[in-house]
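J.: Each chain, letter by letter, is given below.
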Amino acid sequence: MTPKVRRYVFLVAGAGLFIYLIWGFSGLPDFGHYVGPYGDVLNKIAVPERSNTDIVTAVNFDYRAIDTLGEEFILFAAVVGVASLLRTLHDESSRDPHDDAPGRRVPETSLAIRVAGLGLVAPTVLVGIYVVLHGHQTPGGGFQGGVILATALLLTYLSADYMTMRRVGPTELIEAAEGAGAVGFVLIGLAGLIFGTTFFENVLGKGTPGQLDSAGLIPFSNVAVGLAVTGGFAFMLSEFLLQTLVRRGTSGGRKREGP
Amino acid sequence: MAAVATAVALTRDPLRQAMVASLYGLVLGVLFFAFEAPDVALSQTAVGAVALPLMVLLALAKVKAMETEDEAEERGE
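Chains W and X are the protein sequences, given in the same order. Take 1 as the starting number for the first sequence in my numbering and just add one per residue. Take 1 as the starting number for the second sequence in my numbering and just add one per residue.
Derived by calculation from the structure, the hints in this document are not laboratory data. Warning: the hint list may mix true and false statements.
Said to hold, decoys possible - Examples of chain X residues lying across from chain W (beta carbon under 10 Å, computed):
(1) L15
(2) A18
(3) M19
(4) A37
(5) S43
(6) T45
(7) L54
(8) A59
Predicted, not measured: the structure shown is a model, and the values here were computed from it. Positions of the beta carbon are idealized from the N, C-alpha and C atoms, including for glycine.
The task is simple: from the sequences and hints, build the whole structure.
T.: Printed below as a string of structure tokens:
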């Protein structure tokens, strides 16, 4: 396909997409004019039925928990993908980080970043745990809190160095959190099947709306997903960081001669 | 919103683009929050403003490390 033909194909396709987009957007309901019945129904029944004051979490971890399980395993698959793509290949070897340009001045991590980063670690962990644990009451939940917790690990890297990060979050711990979270979420689903009638049925006592120990299994799902997300993100971060220390072998890789 | 999105597309240097994309993620999070979707706003801020730009930065660091390595090999070191 010559560039000229390609441009024509793009122009036709782009024009078609543009027309359909305009057509679609013009048919949308006005802002604030919700038409579907489900949102209104859920807003009415979720609090009395599930003792859950954050309806979004009630939907995610109860009414359509099996979809969330699928999403959870998207992240799991991504982590497995990163782990298998970035594994140490036979012609690669790790090396100690040595200076490739010994003459240059190495910029020190500024004191401002060190102090701010170090000071932020504890509050970040606290906020992350809060967001996970209060997912059934206020906006947030396992996913959001999990990502916040993973950034706490990143803060240790920013304010100290890679080795400190590995000490705070060793790979074994991260992998264990990821695995335990993923399995735990499935087990919660199975609990519904064992003690109730359907997968992810909310079989625990519902409690009083607004209390921390309410909404039955939903907080437990949040903790499981929080563990899995923290582990998943932390694993990907440390794998990517590790990559900057991996050296390619001289025998293969990009250096191959062309055909 | 549209201005920041355009800025992301117009920034050509990947390093700067990661920073602008982070700002875009933050602005989009604020927009979700303003439209009364705090759950999505939290996810958006964490992923769009932190996680995504971070992955880009790490990939850039790796690419740069590979380039210096190649240069060192070409010099016969």
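J.: Confirm or reject each hint.
T.: Consistency of the hints with the structure:
no.	hint	in the structure
1	L15	violated, 15 Å
2	A18	violated, 13 Å
3	M19	violated, 15 Å
4	A37	holds, 8 Å
5	S43	holds, 5 Å
6	T45	holds, 9 Å
7	L54	holds, 7 Å
8	A59	holds, 7 Å
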